[in-house]
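Work out the full structure: start from the sequences and follow the hints.
Here's the letter readout for the chains.
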Amino acid sequence: MCLAVPARIVELQGDNAIVDAMGNRFRAKTTLLPDARLGSLVLVHAGFAISLVDEEEAKKTWQLIEQIDDFLETDKRISG
Amino acid sequence: MLTRIYKAQKMMDAAHEKLGRQINIMEVCGTHTVAIFRNGVKTSIPKQLNLISGPGCPVCVTDQSYIDICLDLANRDDCIIATYGDMIRVPGKSGSLERHRGKNVKVVFSAEDALLLAKENPNKTIILIAVGFETTAPATAVVVREAAEQGIENFRVYSGHKLVIPAMRALLSEKNHNIDAFLCPGHVSVIIGYGAFRQIADNHGKTCVVAGFEPMQIIEGLAEICRLLKEGKTEVTSVYTAVVTEKGNEKAQALLKEVFDEADGYWRGLGKIEKSTLKLKSKYERFDALKRFGIEEQPHEDQTGCRCGEVLCGLIEPPECRLFEKRCTPENPVGPCMVSSEGTCAAWYKYGRRKPGQ
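Protein chains in written order, with this note's numbering: chain A, 1 to 80; chain B, 1 to 358.
Worth double-checking, as some hints may not be accurate.
Only some residues are given here: those of chain B computed to face chain A with a beta carbon under 8 Å [stated by the list, open to error]:
| no. | residue |
| --- | --- |
| 1 | C29 |
| 2 | A111 |
| 3 | E214 |
| 4 | K251 |
| 5 | A252 |
No lab work stands behind these hints, which were simulated from the structure alone. Small disclaimer: the values here were computed from a predicted structure and weren't measured. Note that beta-carbon positions come from the ideal geometry of N, C-alpha and C, so glycine has one too.
This is the structure we're talking about:
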């Protein structure tokens, strides 16, 4: 499944990033997105940043995620 | 927003009036399928617009023999299976991977986690169960390359990666299909770019519109399809402009080309499709789990009476399967379309329990 979550890069060393999505922090790789910088908003799929995303789009998606009643359940099963 | 919905509905009505018949649009993305059901999109558009769920859920389209081989691998003491969470409950010939969970089956969030498992467990062979479309496959490519560069020789991949466009082509080559246009997957398109769908427009005369996952995105994607149908045009475009470009993520595409070859492969419901799967290139074949263990895939039919195959091709709706809601529920799934939260059967069960035609 091709779920992807917008998240902000809060730490970056080489292509290893820590990203923040709605207060949840997790590891993500930026290998597929050489333009990613510290502070960039990126779309993360299965632990990899796949695209840059703007603030407005990220906010829309975060709001959408908040609306999903079973988000926690979905998050546990998030995958490819 | 109401104005946008109203405009979209007017466009859908206009297209129906122009064509004078039902309009059939297939979505080829599990995330769209769920979003359509969850947000009641089917009931908020004119009923002459028929939305068909296609083979867009990677777990669902994974052939039965692939699941069975995963189970065989999970029975080995010398291996640890690293899988994404959505594969864990898919039933095979002898239960599911769930049975081995916590022992030699580990759920990973990222392909990178599988590589870490390999580093942490040098005495075991770590096998990444790599299922997913073009969105997920580049991550596998990255870790295979890393394993090669770092000499992590106990890492293997069982690639079940599939390509969306060959499946669309296969559906269109069926003589009795009734698809007028495709609503194309947002995140697959982040990687391949919306331009990749031009071959469907050029060779099969079908419009392809990429949309995101918000309800408004889906409705506007459908309205754009209707506008093109009304005007008699075949085009390829995207309403998910925030992240989808015409060319896609070229770095990811280059990595896919470097690590994988396109190979013929089997899909549940669709059978063998030419150049529709990704297998490791010979340069990386020492990381190929099947080659390592000398296993050959032998596709076989599901014997349970499950009709997921027909559901995946949009030939029937889930309630037409006699197992639906009876022997097959999300708690006790028989087929993958009920297991995956993005499967059409699970979406029907959760949000749409209507009888066909209603």
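Next item on the list: Would you settle whether the hint for A111 of chain B is holds or violated, based on the nearest Cβ-Cβ distance to chain A being less than 8 Å?
Entry: 7 Å, holds
Notebook entry, point to check: Per the CB criterion, is C29 of chain B less than 8 Å away from chain A?
Noted result: Since chain A brings a Cβ to about 7 Å from C29 of chain B, closer than 8 Å, the hint holds.
Note to self: Would the hint on A252 of chain B be counted as holding, given a Cβ-Cβ threshold of 8 Å to chain A?
What the structure shows: 5 Å, holds
Notebook entry, point to check: Can E214 of chain B be said to touch chain A, with a Cβ gap under 8 Å?
Noted result: Holds. Min distance 6 Å.
Margin query: K251 of chain B was flagged as interface toward chain A. Is the shortest Cβ-Cβ separation under 8 Å?
Written below: 6 Å, holds
Checked against the numbered hints given earlier, this structure breaks none of them.
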